[in-house]
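Visitor: Going down the list, the sequences are from chains C and L. The first sequence runs 1 to 394 under the numbering used here. The second sequence runs 1 to 143 under the numbering used here.
Everything labelled a hint here was simulated from the structure, so no lab data went into it. Here the structure is a predicted model, which is why all the values come from computation and not from measurement. Glycine included, each C-beta is placed from N, C-alpha and C at the ideal position. Don't take every hint at face value.
Cβ-to-Cβ under 8 Å is the rule here; a few derived chain L residues that face chain C [what the hints assert, rightly or not]: (1) Arg-44; (2) Lys-49; (3) Gln-51; (4) Ser-52; (5) Lys-80; (6) Ala-88; (7) Leu-94; (8) Phe-95; (9) Thr-96.
Under the rule of at most 25 Å between Cα atoms (straight-line distance), these lysine-lysine pairs were calculated in the DSS-like manner [to be verified]: (10) Lys-92/L / Lys-49/L; (11) Lys-92/L / Lys-93/C; (12) Lys-98/L / Lys-83/L; (13) Lys-92/L / Lys-50/C; (14) Lys-93/C / Lys-98/L.
Quick list of the computed label-pair ranges, beta carbon to beta carbon [as the list claims (entries may be wrong)]: (15) Ile-109/L / Asn-301/C: 28 to 34 Å; (16) Asp-347/C / Asn-118/L: 54 to 60 Å; (17) Gln-117/L / Phe-365/C: 46 to 52 Å; (18) Ile-109/L / Glu-42/C: 54 to 60 Å.
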Amino acid sequence: MLTRTLKKRYLATALSAICLIPSVQAEINFSGFISIEGGWLEDESLFSYKDYEDSDLVFTQNTVGLQASSDLSDNLSATIQIIARGQEGYTLKPEWAYLTWQATDNTKVRIGSIGTPFYMFSDFQDIGYAYAWTRPPEEVYTLPITTFDGVNVYHNRTIGSFDGSLEIYYGGLDDSFNLGGTEIPSSTRNQIGIASTLGRDWWTIRAAFHTATLTNDISNLAVSEDQTFGDFADQLRFFGLDKNADLLLPQDDPAYFTELGYTIDTGRFVSVGEYIIFDYQDNFFAKNIRYYVMGGVRVGNVLFHVTTAGSRDQESTPQEGILETDPAAGFIPVLEGLALSQVEKRDVLSLGIRWDLPAGTALKFQLDQLRDTDDVTNIELNQRVYSVSLQTVF
Amino acid sequence: MKTLFKTIITISLLCIVTIAKADIAVIVHPSSTVSSLSNEEIKRIFLGKIQSFPNGKMAVPINQDVDSPVRQVFNKVVCKKSKSQYKAYWSKLLFTGKGTPPADVGDSIEVKQLVSQNPNFIGYVDASVVDNSVRVVFSIPSK
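Isolated chain C (complex conformation) (with noise of 0.2 Å):
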């Protein structure tokens, strides 16, 4: 783990040093993103939601990127994109570092830690410019990890009056994200995905699929006030329901993601919409069920937007196997409980405005209603999100 992680800021290092090294043919393109983004909740005594947490306007989510790209020859380039996030104290990190070779006219093969194309808006996900929404709706865009180290192959192509491509990649991952305060480590391995889109005129759909075997490691978590998973999982299998221990843990555990997805931009009307299905199986993980549907106007200089969004999380089962005779039928209703806690059943109405600013910025406002449905209690609950951002590429 601690290996592929020094190799990835190696790659991203050698390619900043690559960049640098004057050459008479090497010339290095820069572009970059400013996003300033805040936002404030109705009830900051309810969940919080786009990590927001406050009733008063915060901005914490303020991002900053830049690429550099340079010609090391004709056919190959070397590009590396930094990022800086409030979130994370605006620590910069290499986001993605990579070689891109162009091996004809209509295919390139790039290798290094690289974006996975899981969604319609992967590619720029960051970049709140390319987009209506102040960030891509969160029921969908709900994956904390969205890189990976191996190697990508993009091959597009005009037939007819259709213009098409062709995605697909394969590698594996070493990283942790933040659950709740807890850094977990999360490695995916034998990663593939294919990603194709096909368009013509005004429209676009999108189809994707992925998957790997996927390991988060929550053995350090707290599942009670003096317990972590891992004990948890050791008293299962002290019990001797080592299937159930199994099932509890995401520990090389097969994951299957699936996207279905369409753009329509006629100029004076914009319509979005996915579906994504993330079955990350053999775990307590819910199996998440999402989409969305955005539907707008241009007028002028102003994009006016509606999303509806939602989540239908189905439960997984690890408490499978106990008898409710079995001497350890005490621990089916914690394992229910957990396997709960982890379906989201919420509704999402977005309403936003995108305002194009002359300079190249958009400035946009937007309101989220949320109404989100506790499956163990069934009680409702409501929470309105308002957010502000202004961004620009440059």
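Start from chain C and add chain L according to the hints.
Guide: Then chain L, alone, in the frame of chain C:
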């Protein structure tokens, strides 16, 4: 503030009037075997969807500067995008290395000069600057 506002409106209207009177010509090198291109083909080249002319030769599109009124009309009529839509379109490709926007090279005179010197370039200019150092493959008529 009001005077400034009025001035801006007046200048904008003058710009619109000026564009409405001028044709815009899409030009290539005179040695090119391409005699004409359709709106769709030019749009595809400038949006990076195809990288070559119909005869198989590499096509390198070049833009006028961002604020050029000729560019605004070209983007609107041929690419069917406003200034911000055009920028948003390219920002989607730029950061993954899936495409690089055409370079911004200046005004109609500078575009004509570059196109006349390079057999792969394709650009758009105010029709009044066209001479036999370049070949016109498409015209955007005045309204």
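Visitor: Could you run down the list of hints and mark each one as holding or not?
Guide: Hint check:
Interface restraint check for Arg-44/L: the shortest CB-CB distance to chain C comes to about 7 Å, inside 8 Å, so the restraint holds. Here the hint on Lys-49/L is kept, as its CB sits about 5 Å from the closest CB of chain C, short of 8 Å. Evaluation of the Gln-51/L hint against chain C yields a held restraint, the C-beta minimum of about 5 Å falling below 8 Å. Taking 8 Å as the C-beta cut-off, the interface hint given for Ser-52/L holds, the closest approach to chain C being about 7 Å.
At about 6 Å, the closest approach between the beta carbon of Lys-80/L and any beta carbon in chain C falls short of 8 Å, and the interface hint on this residue holds. This hint holds: Ala-88/L has a C-beta 5 Å from the nearest C-beta of chain C, less than the 8 Å allowed. A cut of 8 Å between beta carbons decides the hint on Leu-94/L: the least distance to chain C is about 6 Å, and the hint holds. Hint on Phe-95/L holds. Least Cβ distance to chain C is approximately 6 Å, under the 8 Å limit.
Look at Thr-96/L: its Cβ gets to within about 4 Å of chain C, closer than 8 Å, so that hint holds up. Distance hint between Lys-92/L and Lys-49/L is fulfilled; the C-alpha atoms sit about 13 Å from each other, no more than 25 Å. Proximity of Lys-92/L to Lys-93/C is assessed by CA-CA distance (about 21 Å); at most 25 Å being required, the pair is judged to hold. About 21 Å separates the Cα atoms of Lys-98/L and Lys-83/L, which keeps this hinted pair within 25 Å; it holds.
About 23 Å separates the Cα atoms of Lys-92/L and Lys-50/C, which keeps this hinted pair within 25 Å; it holds. Restraint check: the Cα-Cα separation between Lys-93/C and Lys-98/L comes to about 22 Å, which is no more than 25 Å; the hinted pair holds. The given range of 28 to 34 Å is respected by Ile-109/L and Asn-301/C, whose C-beta atoms sit roughly 30 Å from each other. Between Asp-347/C and Asn-118/L the beta carbons are some 56 Å apart, a value that agrees with the proposed interval 54 to 60 Å.
Distance hint check for Gln-117/L and Phe-365/C: the Cβ-Cβ separation is about 48 Å, which falls inside the suggested range of 46 to 52 Å. Between Ile-109/L and Glu-42/C, the C-beta spacing of about 57 Å keeps the proposed range 54 to 60 Å intact.
Violated hints: none; the structure is consistent with every hint.
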